[in-house]
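Number of protein chains: 2
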Amino acid sequence: MIQIKQFGTLHLIPVGLSSTLADQWLPEATQRCAGLLTHYIAENAKTARAFLKTMPLQHALQDIVMHELNSKIDPTTIQSWLEPLKLGIDMGLVSEAGCPAVADPGARAVAIAHQWGAKVKPWVGPSSILLALMASGLEGQRFTFHGYAPIKPDERAKQIKQWESISALQNQTQLLIETPYRNVAMFETLIKSLKGNTMLCVAIDLTGPNESIRTLSVAQWSNQPIPVVNDRPALFLFQAALSANVVRANPTKKA
Amino acid sequence: MIQIKQFGTLHLIPVGLSSTLADQWLPEATQRCAGLLTHYIAENAKTARAFLKTMPLQHALQDIVMHELNSKIDPTTIQSWLEPLKLGIDMGLVSEAGCPAVADPGARAVAIAHQWGAKVKPWVGPSSILLALMASGLEGQRFTFHGYAPIKPDERAKQIKQWESISALQNQTQLLIETPYRNVAMFETLIKSLKGNTMLCVAIDLTGPNESIRTLSVAQWSNQPIPVVNDRPALFLFQAALSANVVRANPTKKA
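Residue numbers (the numbering used here), protein chains in the order written: chain P, 18 to 272; chain D, 18 to 272.
A hint or two may mislead.
Which copy? The list can't say, so a pair holds if one copy fits it or any two copies do.
Each computed EDC-like pair below joins lysine to aspartate or glutamate, with the alpha-carbon atoms no more than 20 Å apart [to be verified]:
id, residue 1, residue 2
1, Lys209, Asp40
2, Lys169, Glu45
3, Lys138, Glu228
4, Lys178, Glu205
5, Lys136, Glu228
6, Lys138, Asp222
7, Lys63, Glu85
8, Lys212, Glu172
9, Lys103, Asp248
Because the hints were derived from the structure by calculation, they are not lab data.
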């Protein structure tokens, strides 16, 4: 008789973007699942434990196995962490903020689960990228998330202009993030590099008490006080005016 | 004395992707907000009312003002629908499925709210694009959502190959959707057009009872039964092997 190997499931659990209470941003089912799991892979073990303390935990926090995943960990180590899946034990993956495997190294663990044929379950929760895109009023039918722009000023300005051209040609919103201490410099580069009629959205402290999402043209922003500070998370989104020779793509229907 | 005009807030309320109960995919705060609002703009009034029936409604359903937004409605009409914001009345925007203003025409209403200086509040809820990306195990640090591929077979194959080249050059995941009745044709085009070592994720019925998310190489998929059917929503994601001359971008940190 052939024994069918039953893998555990890798649960992808979003965590908060701010200090607001979880009922504001996490469905009850996600909270219940987070409280049940005994094995976690986390981008940051300290913030993951702080998150779990606010969940309906079914186990003592110190009994929960926690591995810390960064981009330097080798694949063999990640595989060894995922071994419990082979024993039928469910595991959790959490990011430092928001949804795991988006804008963090978590996809490396998810890819191994797929190689093994284990089930991967994404749970609903907050994503700064998605919340900013929804609230920007910019094109949500085509968009690119770039992560970080280059750091060197000349490369950065050149890259931003290139993304602006792509936005104009493909009628596409461009999204990028920055480490908080460079927010002001990033905003200034955007204002200097983008065209006056390009629409720029600045989204700050999403789901937090100081949430602010504003979309203005670059020309309008030039006459405003700088909206970002260097100690709060911000996202930058922009959409260029369509190139004259581009026929607007047909409006799409929701999947 | 100058009177400060206090606008109402435009609340962006995600709705379900499947028939599963809302506690599975909607935070309590989002449900409370949905139940409080008296004025809605919806992509589909019928599905919006069905959604509201499952929310903790504070008003009779028939008393809730509901406008139906599609891509053909002119901007002046949308502005007239948003007039209550000017009176300080909060309004809701809902899509036919998932998050409003992403892969639907909702951004047009959000853009007007920004023009007026009204506050826009994005609430947490399910997005098939985000859930599929999380669970794909593909690159989550750089990605593009394209909406729909062209319909004509030759244009479609050409476009998919072009997106594959961009994926290889920029180490970027490519996401697209299809109307359910073309799912099988889309899957077959992907298998024929993409390289054998490109990783392809097929995500079906997200948050639903038949949720299935699998990532295999195109070569592996060729030896499998076709995973999609023509009556369930599916998303397709792929990531090409990196071009040999591309240095992998630095791993990014979460915003």
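Results of checking the hints against the structure:
1. Within a single copy, Lys209 and Asp40 get their C-alpha atoms no closer than 40 Å, and across copies no closer than 46 Å, so neither meets the 20 Å cut-off.
2. Neither within a single protomer nor between protomers do Lys169 and Glu45 lie at most 20 Å apart by alpha-carbon distance, with minima of 44 Å and 44 Å respectively.
3. When the C-alpha separation of Lys138 and Glu228 is checked against a cutoff of 20 Å, the pair qualifies only between copies, where the shortest distance is 9 Å, while the shortest distance within a copy is 29 Å.
4. Only within a single protomer do Lys178 and Glu205 lie at most 20 Å apart by alpha-carbon distance; the minimum there is 14 Å, versus 37 Å between protomers.
5. Taking the shortest alpha-carbon separations for Lys136 and Glu228, only the inter-copy value of 10 Å comes in at or below 20 Å, while the best intra-copy value is 35 Å.
6. When the C-alpha separation of Lys138 and Asp222 is checked against a cutoff of 20 Å, the pair qualifies only between copies, where the shortest distance is 12 Å, while the shortest distance within a copy is 27 Å.
7. In the homo-oligomer, the alpha carbons of Lys63 and Glu85 lie at most 20 Å apart inside one protomer (9 Å), although the nearest pairing across protomers, at 46 Å, exceeds that limit.
8. For a Cα distance limit of 20 Å, the shortest separation of Lys212 from Glu172 inside one copy, 17 Å, qualifies, whereas the shortest one across copies, 32 Å, does not.
9. For a Cα distance limit of 20 Å, the shortest separation of Lys103 from Asp248 qualifies neither inside one copy, at 42 Å, nor across copies, at 33 Å.
Of the numbered hints stated above, those contradicted by the structure are hints 1, 2 and 9, listed in ascending order.
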